[in-house]
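Participant: One-letter residues, chain by chain:
There are 4 protein chains.
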Amino acid sequence: MNRELFAAGERLVSPAYVRQGCEARRSHEHLMRLLLEKGKCPEDGWDESTLELFLHELAVMDSNNFLGNCGVGEREGRVASALVARRHYRFIHGIGRSGDISAVQPKAAGSSLLNKITNSLVLDIIKLAGVHTVTSCFVVPMATGMSLTLCFLTLRHRRPKAKYIIWPRIDQKSCFKSMITAGFEPVVIENILEGDELRTDLKAVEAKVQELGPDHVLCVHSTTSCFAPRVPDRLEELAVICANYGIPHIVNNAYGVQSSKCMHLIQQGARVGRIDAFVQSLDKNFMVPVGGAIIAGFNDSFIQEISKMYPGRASASPSLDVLITLLSLGSNGYKKLLKERKEMFSYLSNQLKKLSEAYNERLLHTPHNPISLAMTLRTLDKHCSRAVTQLGSMLFTRQVSGARVVPLGSMQTVSGYTFRGFMSHTNNYPCAYLNAASAIGMKTQDVDLFIKRLDKCLKTVKKEQNKESDISGVDNNDKTEDVDIEEMALKLDNVCLDTCQDSS
Amino acid sequence: MNRELFAAGERLVSPAYVRQGCEARRSHEHLMRLLLEKGKCPEDGWDESTLELFLHELAVMDSNNFLGNCGVGEREGRVASALVARRHYRFIHGIGRSGDISAVQPKAAGSSLLNKITNSLVLDIIKLAGVHTVTSCFVVPMATGMSLTLCFLTLRHRRPKAKYIIWPRIDQKSCFKSMITAGFEPVVIENILEGDELRTDLKAVEAKVQELGPDHVLCVHSTTSCFAPRVPDRLEELAVICANYGIPHIVNNAYGVQSSKCMHLIQQGARVGRIDAFVQSLDKNFMVPVGGAIIAGFNDSFIQEISKMYPGRASASPSLDVLITLLSLGSNGYKKLLKERKEMFSYLSNQLKKLSEAYNERLLHTPHNPISLAMTLRTLDKHCSRAVTQLGSMLFTRQVSGARVVPLGSMQTVSGYTFRGFMSHTNNYPCAYLNAASAIGMKTQDVDLFIKRLDKCLKTVKKEQNKESDISGVDNNDKTEDVDIEEMALKLDNVCLDTCQDSS
Amino acid sequence: MNRELFAAGERLVSPAYVRQGCEARRSHEHLMRLLLEKGKCPEDGWDESTLELFLHELAVMDSNNFLGNCGVGEREGRVASALVARRHYRFIHGIGRSGDISAVQPKAAGSSLLNKITNSLVLDIIKLAGVHTVTSCFVVPMATGMSLTLCFLTLRHRRPKAKYIIWPRIDQKSCFKSMITAGFEPVVIENILEGDELRTDLKAVEAKVQELGPDHVLCVHSTTSCFAPRVPDRLEELAVICANYGIPHIVNNAYGVQSSKCMHLIQQGARVGRIDAFVQSLDKNFMVPVGGAIIAGFNDSFIQEISKMYPGRASASPSLDVLITLLSLGSNGYKKLLKERKEMFSYLSNQLKKLSEAYNERLLHTPHNPISLAMTLRTLDKHCSRAVTQLGSMLFTRQVSGARVVPLGSMQTVSGYTFRGFMSHTNNYPCAYLNAASAIGMKTQDVDLFIKRLDKCLKTVKKEQNKESDISGVDNNDKTEDVDIEEMALKLDNVCLDTCQDSS
Amino acid sequence: MNRELFAAGERLVSPAYVRQGCEARRSHEHLMRLLLEKGKCPEDGWDESTLELFLHELAVMDSNNFLGNCGVGEREGRVASALVARRHYRFIHGIGRSGDISAVQPKAAGSSLLNKITNSLVLDIIKLAGVHTVTSCFVVPMATGMSLTLCFLTLRHRRPKAKYIIWPRIDQKSCFKSMITAGFEPVVIENILEGDELRTDLKAVEAKVQELGPDHVLCVHSTTSCFAPRVPDRLEELAVICANYGIPHIVNNAYGVQSSKCMHLIQQGARVGRIDAFVQSLDKNFMVPVGGAIIAGFNDSFIQEISKMYPGRASASPSLDVLITLLSLGSNGYKKLLKERKEMFSYLSNQLKKLSEAYNERLLHTPHNPISLAMTLRTLDKHCSRAVTQLGSMLFTRQVSGARVVPLGSMQTVSGYTFRGFMSHTNNYPCAYLNAASAIGMKTQDVDLFIKRLDKCLKTVKKEQNKESDISGVDNNDKTEDVDIEEMALKLDNVCLDTCQDSS
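Chains as they are written, first to last, in my numbering: chain F, 1 to 504; chain Y, 1 to 504; chain P, 1 to 504; chain L, 1 to 504.
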């Protein structure tokens, strides 16, 4: 409300009250101004009232919301459904221009501001999360895999001779396909088993670079966040190799923002060697819907080059989600989530250790993996490998989501490449196992329910295997609580065997 | 509500009323069932009540909305902000799986259904709009340009030797960049001037194919919807050339779904020759926010191949928007929009003709372009080419969006390629001109305001050019109405000269 | 957004675009300022964007939305549920103060403004609808009946000796109870049959005044809108009697704002005689949810006295609903609705006439009733009075709502008073009949469906009555369309006989 | 979703996933069924997903949401504005029928269920809060004052001779006006000073009953929640007097549900004597917007009599708010709020005590008041009574809401009755004071900010009074934090002196 409006209001209602209301509005505006000026995530989260006012203020700056606008182009931000307009807060023009996803749109000053501010906030958070020297980033409305593809496509123009991407193996399809889609040939570097952990084979990487010739290598494509017993790649050493041979280095940091360890690896890699870009998922790190990623790096012009590679406009939806989320949380709120995740990791780790020992299994020792854990399923697998699969299916029907059983020796062909021991990141891992992860937003209740249901499933499977079994689980007393889920699950068990292996 | 619920309700409220309520619910369910069974757009649009009930029903099938779910994975559909959850109707898991954007997700049966149904509805509408023999399509949460890139990347695997894309020139950046981003070399085929129209040079295309060798050509990349005086490419003939030489054919049908002529061209091309895929924007054809496209074709397996090329999950947001929109409109509603657009095209054409003649200009004769019109700016340009640019700037500040002035001889370099006469689709168009288009959703009011404001701007520019000018516009009587916009615009005119050329 | 905010924005995005956005915001503000300054309903409705911005602006002026507020009172506008806060646009403090429902609240300048503006808009609309000389009104969050009670309670303090309210009979319970609840004794004046119409017996009214003595009469309580064959009271003559005897006159104008005839009667009554207050429903006249009324009059101080009678604060919800509705419609939108209602009345009248004649019945001739119509059910009633009731029940189960069958001779006791011929406004109306009304918002489709379903029901009832019946309805060709409803209804028919008489 | 829908879904998506989704839906339905069957507040709050599904299920049972409905009545639940429809979740018909606010509506089975369930939940919560033997209650969309009026109007019919209401003085206007509006003569019983507390003068009550004659007394109208130093009335003894003389007893329990002490008083009163009805505010006890109250009692037929007194339908909005709130909180959530309020009361009490002592004032000793506190303002008042008013004004401009200064000797006339010492509940309280309350939903932050700002204000006022003053406040170190509010307030101080006394 501007002065004239307040003056009009004062004729209807006591001036003292109206002026106080007017001053109160200034507190909201003060927060908005700070945001626009500093471009940093506010420490304390905004309340919904400020947030919606801000979005409203931005939206009225877009031409589709001009009261006097007349549109005679082919794209005027017209919306057929009021439901759709509302759910997008009337931001219709998306972000970017034909030339550049980070560019400003003449028809949409508000959406352009939204885009700039979001990228600025996200940069602030990446610093806060541990990569202090990051200089540039942008949100792109594509998942991690397609964003990696965009990075590779950008590098193609810089390295016309390159055909290969060197890739320490990680058994996750979209990661692999991101290279295929970009038209390159992945050179798979098998991992080394160190204790229980699967780690980067640095010598093999360097040997491969020499063998292929640095100019024929588009880049090294490494990974931080991954399922145990694989652990984050040795980023520092890889970064040094890349620097030495003049090879770009792209890091898949899919859900690594939530872990200070992953972020530290990137920071260190960039300090001692070469990291050209690191890519992270929005949904997995910021608790927003699937569909966006952040491409970040240490060199403005390279990051801009990538943003200019995206041909055409793009959805503002992921940017809007992360903007709302970060403004609601504030940096303090986000830090709190990071802290809780770490605590939950310890808790899950302890509980899983206890349970596994009760069943003569063990928690794999994977201290370098800060997010994912693995528990062996040796005794299950010994009798019959189908039992491992069955366990996965049972967990699914009991509404345990995200747990992942990895049987031995499964074989899979992805885009023409055959992987032995698929899902386990290596050809022959010593045993079958089950994964569980502590991701941002997890609650104690998730852990407790998981442990209880896993216990029940293990018991059932074992009983079937061995009628004279006398093993007993850890926490069988309170059978009552979870009865509904169990009952329902029994009905479904038969139809679900095929769906037990939910790789991400 | 199920039977038990209704029974409980009957104890509180008269059974007769509750049963009637129960029956009433069945009418909503009946519509949903028809949709799921037939997969077609309902003839009459649904009301919001049915629509929201349907979305709610789907959403509770996703694991993040299970009351008893416990998540121990790295991606569990957790949402930090209630505002964000609500605006996505609690669909958090996106669409697709790592391997395939059209695949079903175990964690998200509801989102998977949403995805399937949306693709099915969209296919139905494409048929209805004129491409009757289309067999397969999918919505992808990327704009048209990136979607074209994805098509090209898919073709690469089929045609390993190919380096070139043959492209009848159209001056639109994202269209050109889609080829560059995919890593191919565009081979620009200049258009031929026929009367006022710029049309495909078929002989040059065929000659180029022969010169490069069919195997080295990835595909022909043609365009339907475009700014006059360029007109849609001669698709039939191009399709025949492609068939003859065994070259794939990808059509950029950006905003062509709204025009029966564009759709007819595609239908005919596919009938007599070869069209592998045609790509269209969601926002430009369905009045939804920017950010999605439809990739469609006549061969299921090729379209699936493209969908499998997208690495990783993707945002469900564009699919949700178009689903809501089509269910709200119904096929009858969409047909009505198409009909109105056609009528508005005639109206705009007539009005612009009258105005141009009043200023000794003329409407270019471009009968093959069903959407865009062009009016010459000869007299303006004669004195000073800056006047053309100034007109664009003035229209912008008067809240005329989408009008586009094209001065002579502008030169632009895009991704290393230099285009003479950029924006005019040819090196030397005979005159400067101004574009206006009749796109879906346009209203009479848009046309009237545009004509009035254009008239004023032309008058002002002319006066400045010629102090003793005696030209008068068509409709100067009611100066009053539009006074606010004019006043505001005068203030802004000075700062906006740089922003006058809003190419899409 | 204020200047500082825009300045900050200009550093991120081109100043030209930001300034244009800034100017665009001023167009929204311009509308708000006009509203605050003039207090009149805008001619053209506002779009949602302006409306929500306005509500947001008001809401931030309430102390519960102050960012720095600390509350140490017993009522601080705290809200437990975010859903609840949002649905009220964060207006939590309601309207009014302990002393007066129209008073300004120190804690809630925004809600106070909302209240003032709503009352001002509503006053404007009442004038527009025909009562040009109304001077004062306010919205009260109580239905018509309770609002009438409040008027009577206010009059009590002015007329300590009065015990009676003179009331020309209208068979509507809440109307009657409004007097009982206020603690007065209704003196029922039976209506006179003139042709088919039931009209006010003026002589009986005057005789009663003389008999009881003017000082013992609290007021005359007359009615405009009512079910045919009763017609609006003779307001002019009643107003003259009231003026002559110094008796207050309260008019129940429940759904009369939608009819220019009802409004004209009030205007004339006030001109030639005495009308102290007239009360109308919000929902029935403005298409908002049930729960509010408007108390209006020609004397500021009396209307204020009523508003001061309401002890304590009150819900702002009905005011908010009518504010949103009127701003969305604009006065032009409201006038259009009034015009359409009138047309629909003619249409309904014609269709019902045709149908009734096909069944040897007739439409009662009630030219003074501008809203409600009645069709005789003589032939039905002749055989068996249960058939009339059965018809009502059948219409109910076929989702015809609001149709009302009136059998002969029903007797009902309300608050100790026994009415013969209840529902028909008279002891012995000559025949049974069925009512239908053309109320604001009715569509052609409503009329058509009603006529079709009524036709079917009549046919069914007649067949049952007379197995050799040969009567046929008007429009039997397209039996197909309405099949679903019919099928459903057949199932329900047996359970619903008890619910056939939906008096309002 | 019913079986047919799921079957249709299974053809599109894996049956295993669809069935799991189907089972998941049953968990939501299970909660709804429990609610409908038991009519109790669930222990754990529902999540928004279940809540909105439930509201949606109810809404589709109302005839205005029937897809095949045709309306020919005068009230058909039509809504002009989509915003309005949505904010009411499409419940348009309100609650109740002409005869009875608790009655079931034929046109609106869903709204009727909503009404029944809400009343049932609220009854459950009243029991939980301490009145275990309550048997009946209903929500009414009127504030406490008007609801009390309705009770008095109901009693009128039972006690035709009664003219007086005996009312132990409490200085709150709407409370007093509720009797005036109902047309009765309040007989004010002055309170007795016991220590610092003002308590019921039981002897005076009994003497008055005898003096007027029990038959001439409509009822005793007592109060629980009130501003210190007044304390809740001696309900037990009053209830016994009422029982002895056969006089009804109506309790104003405005914001007493939040205090176990107030609720206990009512429970005891009903046990040992007579309480006919007790009335409480919705907003003050359940953190919903202003506008509703609960009328509760121990005798079903009397409570029904009151509900039948309300003439006509009523707004469902307050019922909907409290339903959403209670289902969101669950009984555990509500209990938690009650517990926190109690703790906050202790904290506020301690902090206020410390502060008062620092200024040579003291906290009044009012152990019987469980919600409100009072701190003396002797030293302020000694010099100049205007200083007390000024303090109130200063607190207002510093965004302290709800604090209330009570100067000595203010005189006020309400509806013709003059009160000496108005606001202090007695003619001559020994000193001026300031009130603060710990109400439900208060946070530590509220207390801390209040104490800090009060400290500053007191210091400022004292300085002005006494230039050589050497008093220093308790907590002056961190001046920084609250600077914005202070700065803003200084600007406003001059205009706000008139608004310092915000009585509720």
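Please keep in mind that the hints were generated in silico from the structure rather than gathered at the bench. Do not rely on the hints blindly, as some may be mistaken.
The list makes no distinction among identical chains, and a pair is therefore deemed to hold if it is satisfied within one copy or across any two copies.
[To be verified] Straight-line alpha carbon distances no greater than 30 Å define the calculated DSS-like cross-link-like pairs of lysine-lysine that follow:
1) LYS308 to LYS382
2) LYS382 to LYS161
3) LYS261 to LYS40
4) LYS163 to LYS208
5) LYS462 to LYS339
6) LYS38 to LYS459
7) LYS161 to LYS208
8) LYS308 to LYS203
9) LYS163 to LYS462
10) LYS353 to LYS40
11) LYS203 to LYS40
12) LYS353 to LYS443
13) LYS382 to LYS163
14) LYS443 to LYS335
15) LYS382 to LYS342
16) LYS342 to LYS443
17) LYS40 to LYS161
18) LYS127 to LYS40
Participant: Look at each hint and say if it fits the structure.
Facilitator: To see whether the hints hold, each was checked on the structure:
In this homomeric assembly, LYS308 and LYS382 never come within 30 Å of each other (Cα to Cα): the closest approach is 54 Å inside a single copy and 36 Å across copies. Neither within a single protomer nor between protomers do LYS382 and LYS161 lie at most 30 Å apart by alpha-carbon distance, with minima of 50 Å and 50 Å respectively. Taking the shortest Cα distances, LYS261 and LYS40 sit within 30 Å of each other inside one copy (23 Å), while across copies they are farther apart (49 Å). For a Cα distance limit of 30 Å, the shortest separation of LYS163 from LYS208 qualifies both inside one copy, at 13 Å, and across copies, at 27 Å.
Taking the shortest Cα distances, LYS462 and LYS339 never come within 30 Å of each other, neither inside one copy (37 Å) nor across copies (47 Å). With identical chains, the CA atoms of LYS38 and LYS459 are never at most 30 Å apart, being 57 Å at best within one copy and 36 Å at best between copies. In this homomeric assembly, LYS161 and LYS208 come within 30 Å of each other (Cα to Cα) both inside a single copy, at 16 Å, and across copies, at 26 Å. In this assembly of identical chains, LYS308 and LYS203 lie within 30 Å of each other by CA distance neither inside one copy nor across copies; the values are 36 Å within and 34 Å between.
Within a single copy, LYS163 and LYS462 get their C-alpha atoms no closer than 50 Å, and across copies no closer than 59 Å, so neither meets the 30 Å cut-off. Neither within a single protomer nor between protomers do LYS353 and LYS40 lie at most 30 Å apart by alpha-carbon distance, with minima of 41 Å and 41 Å respectively. Taking the shortest alpha-carbon separations for LYS203 and LYS40, neither the intra-copy value of 42 Å nor the inter-copy value of 57 Å comes in at or below 30 Å. For a Cα distance limit of 30 Å, the shortest separation of LYS353 from LYS443 inside one copy, 18 Å, qualifies, whereas the shortest one across copies, 40 Å, does not.
Neither within a single protomer nor between protomers do LYS382 and LYS163 lie at most 30 Å apart by alpha-carbon distance, with minima of 43 Å and 53 Å respectively. Proximity of LYS443 and LYS335 under a CA criterion of 30 Å is satisfied in both settings, with 16 Å inside one chain copy and 23 Å between copies. Neither within a single protomer nor between protomers do LYS382 and LYS342 lie at most 30 Å apart by alpha-carbon distance, with minima of 34 Å and 60 Å respectively. For a Cα distance limit of 30 Å, the shortest separation of LYS342 from LYS443 qualifies both inside one copy, at 11 Å, and across copies, at 29 Å.
Proximity of LYS40 to LYS161 under the C-alpha cut-off of 30 Å is found in neither arrangement, the shortest distances being 41 Å within a copy and 49 Å between copies. With identical chains, the CA atoms of LYS127 and LYS40 are at most 30 Å apart within one copy only, with a shortest distance of 11 Å there and 49 Å across copies.
The earlier numbered hints that this structure contradicts are 1, 2, 5, 6, 8, 9, 10, 11, 13, 15, 17.
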